[in-house]
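Visitor: Spelled out from the first residue to the last, the chains are:
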Amino acid sequence: MRTEESDLTPLLTRVREQDEDAARALVEALHPLVIRIVRSHLPLRTAEEDLAQEVFVKLFSRLHQYAARADIPFHHWVSRLAVRTCLDALRAERRRPEWRWGDLPEAEAAWLEFMLADEASPPEADAASAREVVDKLLEQLSPDDRLTLTLLDLEQRSVKEIAQLTGWSGTRVKVRAFRARRKLRALAETLKAREHYE
Amino acid sequence: MNDFNQQWQRCVARARQSPPRDDTAPFGFATRVLASGWPTLEPPPVEHTWERLALGWLACLVAGLAVCAVLELPHLRDSQPLNPGVENTVAQIVWRL
Numbered sequence: 115m116r117t118e119e120s121d122l123t124p125l126l127t128r129v130r131e132q133d134e135d136a137a138r139a140l141v142e143a144l145h146p147l148v149i150r151i152v153r154s155h156l157p158l159r160t161a162e163e164d165l166a167q168e169v170f171v172k173l174f175s176r177l178h179q180y181a182a183r184a185d186i187p188f189h190h191w192v193s194r195l196a197v198r199t200c201l202d203a204l205r206a207e208r209r210r211p212e213w214r215w216g217d218l219p220e221a222e223a224a225w226l227e228f229m230l231a232d233e234a235s236p237p238e239a240d241a242a243s244a245r246e247v248v249d250k251l252l253e254q255l256s257p258d259d260r261l262t263l264t265l266l267d268l269e270q271r272s273v274k275e276i277a278q279l280t281g282w283s284g285t286r287v288k289v290r291a292f293r294a295r296r297k298l299r300a301l302a303e304t305l306k307a308r309e310h311y312e
Numbered sequence: 011m012n013d014f015n016q017q018w019q020r021c022v023a024r025a026r027q028s029p030p031r032d033d034t035a036p037f038g039f040a041t042r043v044l045a046s047g048w049p050t051l052e053p054p055p056v057e058h059t060w061e062r063l064a065l066g067w068l069a070c071l072v073a074g075l076a077v078c079a080v081l082e083l084p085h086l087r088d089s090q091p092l093n094p095g096v097e098n099t100v101a102q103i104v105w106r107l
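Line by line, the protein sequences give chains A and B. At position 126 of the first sequence the residue is numbered 240 (the working numbering), and the sequence of numbers has no breaks. At position 43 of the second sequence the residue is numbered 53 (the working numbering), and the sequence of numbers has no breaks.
Just so you know, the hints here were simulated from the structure itself, not pulled from any lab data. You can trust all of the hints, since none of them are fake.
Facing chain B, according to a computed beta carbon distance under 7 Å, are these residues of chain A, among others:
{"#": "1", "residue": "R138"}
{"#": "2", "residue": "H145"}
{"#": "3", "residue": "A242"}
{"#": "4", "residue": "V248"}
{"#": "5", "residue": "R295"}
Note that CB positions come from ideal geometry on N, CA and C, so glycine has one too.
Kindly produce the complete structure, drawing on both the sequences and the hints.
Guide: Rendered as structure tokens:
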């Protein structure tokens, strides 16, 4: 459950007064928000806990910067910090995973087939397998494309919100999303073509 | 030709229904964060203030000595470089009087 902004205000005041118990409570309160962002944008070879820890370390070292810009909601500031940290980690990761259609479990292959076919009804496969195949496809994209589609399609955030989180313009977000989906399609088609060739 | 975007959105909508994972902080996580990233914003202890002041004075002293050395350098080869010129001047003035 998300902690309300007003609940955090006294906690923030105490953290600024170097109260370690308050800092610990702040980490506990913000962990759900941070870990959800981290899980959505996690590089392959990084443990989610390590990246979450990096976000919190940055948060404490930059907390004085937030104080100077009190008009921005604290949750928004933390989200932006987490998204940027993840994006940096993704950009640092040069190699992307490679997989073939044949490597996919049956349920995930069914979802991929559904995306490329004219079938009206989605497969009977469970939501977890849909999530798996979505994550696998997104991992193939560039960090910026992956971030855009994760925020826009998976997390259903508005273009305006993504623009605020990333610092990009609204037009750039829309164009990037359009191109990223086109790349996904090309990627899925290539996988399928390769499968038939093999 | 199928509408990939539409099918993609339907797959993503189904993906969103996957059961949420536990997002509470694991035991000891907050302690680890504080151990690695808790900033030391407390005012520095008195010893540090004295140390900083002493270093400042030491730097001034070294600078003063360097200035003296530069001023004395041209007189290094004088026959009696340690004879203070001002005393001679005073002595000469006294002699004349």
